[in-house]
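K.L.:
Using the sequences and the hints given, assemble the complete structure.
As given, the protein sequences belong to chains A and B, one line each in that order. Under this note's numbering, the residues of the first sequence are numbered 77 to 491, in order. Under this note's numbering, the residues of the second sequence are numbered 77 to 491, in order.
Any given hint might turn out to be false.
Since copy identity is lost for identical chains, a pair holds within one copy or between any two.
[As the list claims (entries may be wrong)] With a straight-line Cα cutoff of 27 angstroms, these simulated DSS-like cross-link-like pairs (lysine-lysine) come out:
(1) K386 <-> K455
(2) K421 <-> K479
(3) K343 <-> K318
(4) K218 <-> K127
(5) K166 <-> K234
(6) K103 <-> K471
(7) K185 <-> K479
(8) K386 <-> K421
(9) K408 <-> K386
(10) K207 <-> K107
(11) K221 <-> K127
(12) K103 <-> K127
(13) K475 <-> K103
(14) K421 <-> K408
(15) K200 <-> K250
Think of the hints as simulated: they come from the structure by calculation, not from any bench. Predicted, not measured: the structure shown is a model, and the values here were computed from it.
There are 2 protein chains.
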Amino acid sequence: MLAEIITIGDEILIGQIVDSNSAYIAKQLNKIGVSVYQITSVQDDREHILKSFREAEENADIIITTGGLGPTKDDITKKTIAEYFQDTLKEDVYVRKNIEHLWEHYVKKPLMQVNIDQALVPSKSEVLMNKYGSAPGMWLEKNGKVFISLPGVPYEMKALIDDEVIPRLRERFKFPYIRHKTFLTYGMGESAIAERIEKFEDELPDYFKLAYLPSLGRVRLRLSAKGFNREGIEAEMERQTKLLLPQIEDIFSGFEEDISIEAIIGKYLTERRQTVSLAESCTGGAIAGRFTANAGASQYFQGGLVAYSKESKVNLLGVSEEIIEKHSVVSKEVVERMAKNTRIKFNTDFAVSTTGNAGPSTDDTAEDLGVVYIAIATKSNVYSERFSFGNHRVKVINKAVNKAFEMLQKEILKN
Amino acid sequence: MLAEIITIGDEILIGQIVDSNSAYIAKQLNKIGVSVYQITSVQDDREHILKSFREAEENADIIITTGGLGPTKDDITKKTIAEYFQDTLKEDVYVRKNIEHLWEHYVKKPLMQVNIDQALVPSKSEVLMNKYGSAPGMWLEKNGKVFISLPGVPYEMKALIDDEVIPRLRERFKFPYIRHKTFLTYGMGESAIAERIEKFEDELPDYFKLAYLPSLGRVRLRLSAKGFNREGIEAEMERQTKLLLPQIEDIFSGFEEDISIEAIIGKYLTERRQTVSLAESCTGGAIAGRFTANAGASQYFQGGLVAYSKESKVNLLGVSEEIIEKHSVVSKEVVERMAKNTRIKFNTDFAVSTTGNAGPSTDDTAEDLGVVYIAIATKSNVYSERFSFGNHRVKVINKAVNKAFEMLQKEILKN
Numbered sequence: 077m078l079a080e081i082i083t084i085g086d087e088i089l090i091g092q093i094v095d096s097n098s099a100y101i102a103k104q105l106n107k108i109g110v111s112v113y114q115i116t117s118v119q120d121d122r123e124h125i126l127k128s129f130r131e132a133e134e135n136a137d138i139i140i141t142t143g144g145l146g147p148t149k150d151d152i153t154k155k156t157i158a159e160y161f162q163d164t165l166k167e168d169v170y171v172r173k174n175i176e177h178l179w180e181h182y183v184k185k186p187l188m189q190v191n192i193d194q195a196l197v198p199s200k201s202e203v204l205m206n207k208y209g210s211a212p213g214m215w216l217e218k219n220g221k222v223f224i225s226l227p228g229v230p231y232e233m234k235a236l237i238d239d240e241v242i243p244r245l246r247e248r249f250k251f252p253y254i255r256h257k258t259f260l261t262y263g264m265g266e267s268a269i270a271e272r273i274e275k276f277e278d279e280l281p282d283y284f285k286l287a288y289l290p291s292l293g294r295v296r297l298r299l300s301a302k303g304f305n306r307e308g309i310e311a312e313m314e315r316q317t318k319l320l321l322p323q324i325e326d327i328f329s330g331f332e333e334d335i336s337i338e339a340i341i342g343k344y345l346t347e348r349r350q351t352v353s354l355a356e357s358c359t360g361g362a363i364a365g366r367f368t369a370n371a372g373a374s375q376y377f378q379g380g381l382v383a384y385s386k387e388s389k390v391n392l393l394g395v396s397e398e399i400i401e402k403h404s405v406v407s408k409e410v411v412e413r414m415a416k417n418t419r420i421k422f423n424t425d426f427a428v429s430t431t432g433n434a435g436p437s438t439d440d441t442a443e444d445l446g447v448v449y450i451a452i453a454t455k456s457n458v459y460s461e462r463f464s465f466g467n468h469r470v471k472v473i474n475k476a477v478n479k480a481f482e483m484l485q486k487e488i489l490k491n
Numbered sequence: 077m078l079a080e081i082i083t084i085g086d087e088i089l090i091g092q093i094v095d096s097n098s099a100y101i102a103k104q105l106n107k108i109g110v111s112v113y114q115i116t117s118v119q120d121d122r123e124h125i126l127k128s129f130r131e132a133e134e135n136a137d138i139i140i141t142t143g144g145l146g147p148t149k150d151d152i153t154k155k156t157i158a159e160y161f162q163d164t165l166k167e168d169v170y171v172r173k174n175i176e177h178l179w180e181h182y183v184k185k186p187l188m189q190v191n192i193d194q195a196l197v198p199s200k201s202e203v204l205m206n207k208y209g210s211a212p213g214m215w216l217e218k219n220g221k222v223f224i225s226l227p228g229v230p231y232e233m234k235a236l237i238d239d240e241v242i243p244r245l246r247e248r249f250k251f252p253y254i255r256h257k258t259f260l261t262y263g264m265g266e267s268a269i270a271e272r273i274e275k276f277e278d279e280l281p282d283y284f285k286l287a288y289l290p291s292l293g294r295v296r297l298r299l300s301a302k303g304f305n306r307e308g309i310e311a312e313m314e315r316q317t318k319l320l321l322p323q324i325e326d327i328f329s330g331f332e333e334d335i336s337i338e339a340i341i342g343k344y345l346t347e348r349r350q351t352v353s354l355a356e357s358c359t360g361g362a363i364a365g366r367f368t369a370n371a372g373a374s375q376y377f378q379g380g381l382v383a384y385s386k387e388s389k390v391n392l393l394g395v396s397e398e399i400i401e402k403h404s405v406v407s408k409e410v411v412e413r414m415a416k417n418t419r420i421k422f423n424t425d426f427a428v429s430t431t432g433n434a435g436p437s438t439d440d441t442a443e444d445l446g447v448v449y450i451a452i453a454t455k456s457n458v459y460s461e462r463f464s465f466g467n468h469r470v471k472v473i474n475k476a477v478n479k480a481f482e483m484l485q486k487e488i489l490k491n
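P.N.:
In structure tokens:
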């Protein structure tokens, strides 16, 4: 079963918006065994949209569009869909009620004609109710192909995918069974791993696929299998896992799930009822942000200090001016003091600290651009490592964040 | 002049990776007057890639591909390009030298055959040297159309776009002049603005285009004009700006540039030599992260405290347990105390604090899910506002971050 995702809207094509919707939709479709053949971003242009529908219908069984359902003049998805299906727009009374409800309870501004018009849908469509916004989702069928149109606002789209689209697709089609297993590895590049497990990869059965998913110093190995014999696939996946694991033992993180490292750490800390605090300099709050993006972080994440200036390191973390003068802000001495004092201040089991030159300039530190120190403090110990992450500000920050999580994970597992 | 961007790689189609490359490329092309007709994401599959090349060649003058240039078996872009151009691969001696240099100085691991093979390029291609990685960019031409192939690693791609692709395209083609002007507005929805300025929009000249770019409570109005008469376009843009501004006076931010609000604040604070500090609870470091993502943030951002737990609010911010007991953690009293104490602790001109229920649960607070208090402290004053941002954790955090920046901007402009 193949799908195509079509995102409609000039804002993607002018680079104003990064299309994160397609990745979400693709991920959810993959889970139920629908492969995405292509993702296409087209303009808010009638002919272009019609052309993309025709082409998608040739390639795919399920066509999902996002965007172009807003109330303004450049949003023409709905009337173009009606044209494609030789249909007309008519008001859906439930959508209208939903819009009136939203305006009364949340928007609290006068309801205008352009908003009411959002209740107009192609008469042949089934409405997918949008709890969070005025633009409804729509489901149409033609020659056995399913067309689904969703709003482009990410949280509205997500709710419609989870609550409406996926359950309805499962009902409508008989999907093959699909099984993914992801092995998170550290410390070895994509090509080195590929060379090492070449024989394993060559001998995989036809219905298996191995993907290398590299990201900032880590590589996820993703083994996928698809078919109708569920038991057979499960047994073969287990056999392949047993063949693979001994070959990657030294670089394997221990996790066969596709979750983020901060979520892995969160699981460990919650299970062990342990806590962590942070003192971030060059990472500037990014580690805290990654922790707190996970629901339930308050169980283990006590808080952190973003000590961006020298003064804040002195006043708030009690790192003495003498130490900073002697060793400079970007140094082993400073980063270890930061971690140690932070752990005591927040009274946590672990503390993580960072200091470095993210760039573009190195200010008055003794170290090169891209040099970052990361320290871990425990109740009995504190230690640090020095890294050199290159000369891209964003890359330096991201690599430092990932490395800090990696060091913390290792430390937790020691205890 | 039209371009098509083709991203190659299964990782986008399985939703493992969000395609942020295309937005960057589209933005840079737009600046020089090249419109992106379509963005297409295709699989690491020979036939699919060839099909996308054929279709793109029909629609566009410039075809830019990213991805599929890695050293592993699933990376087939290069040999497929060679096939499309009826060409063969040959080693480029400069690329090989670059790879040897990178391995010796940065990778510091044994150079393997798969890495050396990355120096193989189609014999008809011009190499675009990749300073940051082993996969070179490639430039090929066919029937007056330009094909450019770039690696998928974002920072490698960006450097190649900036340093090689854009300058070479400017040399190769005579581009029309393009002018954008973006008006950042607050506090009014897309549809309400559209209704208000309907007449203005209807009367725009044919070569002008107005786009509404909404994002979390703000709408950017983007006026674009394109043509060969540079002076005429500039004059007309000025005339249209003068027509538009009085109509949006009450919602206009004062900025006609397309920069982020944190960058706007950074400019103000740097100019005025003022500083800011933060106490973040529900936003968990996200405000700090947004500040520090900007180079030069150390000029005005002193630091912040992520006070995620009640204990950290008590111990580190000196908010008394009595106040928390009496009013609950999510309250006007707590948020104002947080801002006030933080400003004093960091000795800054301004401090911003947040506390709220981002969800999914409200713990033991008295307020509903989605309720967030934000406070601003100055040297003479502290005040706060209460907001209700709905029931999506990520949305609540993002809206709170944006609202905090908005309040801070207003406060800075008062002084």
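K.L.:
What hints, given by number in increasing order, does this structure fail?
P.N.:
Per hint list: zero violations.
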